[in-house]
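Heads up: the sequence lines are chains X and C, in that order.
Here the first sequence stands for residues 309 to 632, numbered as in the numbering used here.
Here the second sequence stands for residues 309 to 632, numbered as in the numbering used here.
Hints should not be assumed to be uniformly reliable.
The list cannot tell twin chains apart, which means a pair is met if one copy fits it or any two copies do.
Below, a list of computed lysine-lysine pairs in the DSBU-like style, where the Cα atoms sit at most 35 Å apart [as the list claims (entries may be wrong)]: (1) K401 <-> K615; (2) K615 <-> K443; (3) K443 <-> K458; (4) K339 <-> K521; (5) K423 <-> K515; (6) K401 <-> K415; (7) K515 <-> K539; (8) K391 <-> K539.
These are computed hints drawn from the structure, not numbers from a lab.
Each chain, letter by letter, is given below.
There are 2 protein chains.
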Amino acid sequence: MLPLLSASLRSTSALAQARDPLPSWNEGATKSSIVNFVTRGTSQGGPDFVPVDQRIATFDNDGTLWIEQPMYVQLAFALDRVKVMAPMHPEWKTKQPFAAVLDGDMKELAASGEKALVEIIAVTHAGMTTAEFEKITSEWLATARDHRFKRPYTELVYQPMLELLAYLRANGFKTFIVSGGGIEFMRPWTERIYGVQPDQVVGSSIKTRFEMKDGAPTLFRLPEVNFVDDKTGKPIGINEHIGRRPIVAFGNSDGDLEMLQWTTLGASGPRLGVIVHHTDAVREYAYDRDSHFGRLNVALDAAAVNKWTIVNMKNDWKRIFAFD
Amino acid sequence: MLPLLSASLRSTSALAQARDPLPSWNEGATKSSIVNFVTRGTSQGGPDFVPVDQRIATFDNDGTLWIEQPMYVQLAFALDRVKVMAPMHPEWKTKQPFAAVLDGDMKELAASGEKALVEIIAVTHAGMTTAEFEKITSEWLATARDHRFKRPYTELVYQPMLELLAYLRANGFKTFIVSGGGIEFMRPWTERIYGVQPDQVVGSSIKTRFEMKDGAPTLFRLPEVNFVDDKTGKPIGINEHIGRRPIVAFGNSDGDLEMLQWTTLGASGPRLGVIVHHTDAVREYAYDRDSHFGRLNVALDAAAVNKWTIVNMKNDWKRIFAFD
Numbered sequence: 309m310l311p312l313l314s315a316s317l318r319s320t321s322a323l324a325q326a327r328d329p330l331p332s333w334n335e336g337a338t339k340s341s342i343v344n345f346v347t348r349g350t351s352q353g354g355p356d357f358v359p360v361d362q363r364i365a366t367f368d369n370d371g372t373l374w375i376e377q378p379m380y381v382q383l384a385f386a387l388d389r390v391k392v393m394a395p396m397h398p399e400w401k402t403k404q405p406f407a408a409v410l411d412g413d414m415k416e417l418a419a420s421g422e423k424a425l426v427e428i429i430a431v432t433h434a435g436m437t438t439a440e441f442e443k444i445t446s447e448w449l450a451t452a453r454d455h456r457f458k459r460p461y462t463e464l465v466y467q468p469m470l471e472l473l474a475y476l477r478a479n480g481f482k483t484f485i486v487s488g489g490g491i492e493f494m495r496p497w498t499e500r501i502y503g504v505q506p507d508q509v510v511g512s513s514i515k516t517r518f519e520m521k522d523g524a525p526t527l528f529r530l531p532e533v534n535f536v537d538d539k540t541g542k543p544i545g546i547n548e549h550i551g552r553r554p555i556v557a558f559g560n561s562d563g564d565l566e567m568l569q570w571t572t573l574g575a576s577g578p579r580l581g582v583i584v585h586h587t588d589a590v591r592e593y594a595y596d597r598d599s600h601f602g603r604l605n606v607a608l609d610a611a612a613v614n615k616w617t618i619v620n621m622k623n624d625w626k627r628i629f630a631f632d
Numbered sequence: 309m310l311p312l313l314s315a316s317l318r319s320t321s322a323l324a325q326a327r328d329p330l331p332s333w334n335e336g337a338t339k340s341s342i343v344n345f346v347t348r349g350t351s352q353g354g355p356d357f358v359p360v361d362q363r364i365a366t367f368d369n370d371g372t373l374w375i376e377q378p379m380y381v382q383l384a385f386a387l388d389r390v391k392v393m394a395p396m397h398p399e400w401k402t403k404q405p406f407a408a409v410l411d412g413d414m415k416e417l418a419a420s421g422e423k424a425l426v427e428i429i430a431v432t433h434a435g436m437t438t439a440e441f442e443k444i445t446s447e448w449l450a451t452a453r454d455h456r457f458k459r460p461y462t463e464l465v466y467q468p469m470l471e472l473l474a475y476l477r478a479n480g481f482k483t484f485i486v487s488g489g490g491i492e493f494m495r496p497w498t499e500r501i502y503g504v505q506p507d508q509v510v511g512s513s514i515k516t517r518f519e520m521k522d523g524a525p526t527l528f529r530l531p532e533v534n535f536v537d538d539k540t541g542k543p544i545g546i547n548e549h550i551g552r553r554p555i556v557a558f559g560n561s562d563g564d565l566e567m568l569q570w571t572t573l574g575a576s577g578p579r580l581g582v583i584v585h586h587t588d589a590v591r592e593y594a595y596d597r598d599s600h601f602g603r604l605n606v607a608l609d610a611a612a613v614n615k616w617t618i619v620n621m622k623n624d625w626k627r628i629f630a631f632d
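Looking at chain X on its own, in the form it has when it is part of the complex (with noise of 0.2 Å):
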């Protein structure tokens, strides 16, 4: 080979290299999956070619771009808050689950069940303003820190799914974030983080009341759920905000089963469902079947049946957060 020849070649390759817009992605059949799916669906005249505005791509939050261990950030918050509001409380250092979580009793609390948990929620997320809430939501996020990574809850998350966010705006999509979690505790911190402005987040919530206060208007938190964003509610959800299926979906849990059905089964022209299934107990943590919070058990078998990637975190990812 002439050595001209090879060194514009090689300046080819780095070129390649340096415009990869998954870089923190190993090359692999995972990454090939996502890469061709894009590559067909924005390659004017193909056969599998999709209109802008039909480029719907909806995201999972908990465990499919940020950590989920040892619990959901968000009930992180609310045991935080529960703490805080504490000395208005003095009966709560009798009163269950309050007392289990100011003495830290994570086992009490476990066995406390779900309606313990509405119950923390409900005091800890109503009876105050949007406005208050969005201010409490935003303060607690920038102080709280992670036991283990020592790093707040918003940069625990994971920057290859940052990189398929922008590679898939790049090509025209719309990302979509359609978690579980709550609507308001999300959309504070979800543009400057993700990318993703309020209006494309998907996610619980609980009733509000108008009213006008002193001449300003106002939107009071109630202790009432008002819609839950969860297995059969995130089709649901993605219906009533989104009014479009999307194309393709990423999620990590048995949460997400039916949004990727919904996505991927049963349509016209491509489709792609990933799951994100976590294998990196050095890096991250590794669990799936057997899991309290995250739990991937039906979705993994619905995965070998439909044909969903599936995403391994220890193999295919390069690295899992921006500071690794």
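We have chain X; now place chain C onto it with these hints.
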């Protein structure tokens, strides 16, 4: 003046006119209030500059973007559906409110009250999948004609408002529809007619149920109200779907009062509230305080107090419809 300079000024003026983004609006205080608001909000470095991500504009639909007389278009759809479905329901011949609909007895129907209307909406809007409902509404809109104008309803949209939607988008605004009408009744056509994508439509809805049917996922429409996007429901719907307060809102009736309050009151930065006042009985309709559909009473008084802009359709609009 030198001839050359004069000619140059004339052509500049002609150019300015050719570039007027609101050609169907007469010059005057109303048009100026809108143009000034947009100019101030988009003047980088100016005191009222609004970052692009906060440029949220909301529009009511019935009576603000298209006609709502002699009855809401969606009600005309529901009545037509009762007629189409009647052969499968022989009992309707003697059962109110269906008998009144089949006899065309609008007085009897009006006397039946709101409960009757809810019953009609339930039988005509539920009991099918979302895909089936989209097909039914799309086919109806393609064939139904307004009795007075002999036109498809999708041609009975206000040309000045179409220009306004485009003008705002050209200035970086995200335009949303926030309507008391059914969210799924609007979505099949809002992008084509208004340039508003399905995820930017907020409206009333009924509950849906997710089901896998022969391996294909479906959402089945249930005869149960999910959300009423009217009056205090509008700020609640805006918060739920958009997650940010609009800085400009357009309405035409008391159902829009709270949306205009939520948009304009108790918030910093430039805000604009606009009420479309139906004052043109010749080209369209004239109605306000006593109208059965689209009553404008409390919001008309509030407009004066809060300095909301009032569009006088007769005086402010050169033409109402594109075909005028």
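Structure-based check of all given hints:
no. : hint          : result
1   : K401 <-> K615 : neither (51 Å within a copy, 52 Å between copies)
2   : K615 <-> K443 : between (43 Å within a copy, 30 Å between copies)
3   : K443 <-> K458 : within (23 Å within a copy, 53 Å between copies)
4   : K339 <-> K521 : between (53 Å within a copy, 32 Å between copies)
5   : K423 <-> K515 : both (18 Å within a copy, 24 Å between copies)
6   : K401 <-> K415 : within (17 Å within a copy, 64 Å between copies)
7   : K515 <-> K539 : both (20 Å within a copy, 16 Å between copies)
8   : K391 <-> K539 : within (31 Å within a copy, 38 Å between copies)
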